[in-house]
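Undergrad: Sequence:
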Amino acid sequence: MTTLTDRPRAALLVIDVQNGVVSGAHDRDRVVATIAGLVDRARAADVPVVWVQHRSDHLPADSEQWRIVPELSRRDDEPLVHKAYGDSFEDTDLESVLAAARVGRLVVTGAQTDACVRSTLHGAFTRGYDATLVADAHTTEDLSAYGAPPPAQVIAHTNLYWSFQTAPGRTAGTVDAAEVDFAA
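Residue 1 is where the sequence shown starts when you use UniProt numbering, and the numbers rise one by one after that.
Keep in mind the hints are simulated off the structure, nothing from the lab. Computed from a predicted model, the values in this text were never measured in an experiment. Treat each hint with caution, since some may be false.
[Said to hold, decoys possible] What follows is a list of derived Cβ distance ranges for each label pair:
id : residue 1 : residue 2 : range
1  : D181      : D93       : 26 to 34 Å
2  : D91       : E64       : 36 to 44 Å
3  : A148      : D6        : 38 to 46 Å
A virtual CB, placed ideally from N, CA and C, is assigned to each residue, including glycine.
Start from the sequences and build out the full structure, keeping to the hints where you can.
TA: Next up, the structure:
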């Protein structure tokens, strides 16, 4: 149970599913389709969908690379958080967006597994949120040329270690998209 008082709601967090982030991502089409299904389910359950969009020298604001992939569409009434750092909470309005919606539990999806997804999970958890990673709804690019494991191993390792996260008064873990329960 979250340590954030009076925050009974869950939210679906969609991190950096942008053209320039996922263009070469592992299993891109399946992951994006899985996220789209979760977005539909969250909307049907009246669960907030919060979109996170990264900007950098490689993802300049308003460029094609910066845009959310065409398979996903954000509704005008859904929050959009702009960020410039890995952790979606760092120097953004994400905390105030979640507080206004009384959200204490995050269901996390997106890209890249070994960067922004992981940073945001840890950022949420240390700030008192319950944080569930959707095991089959995050991805990363192949950085093995730089010494990283292949993307499937990065994803598997992140799912493994996040399934064992613990801290007083908070829950963490992984779940497949088919098992996501926004009401739990």
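Undergrad: Tell me, which hint numbers fail for this structure?
TA: 2
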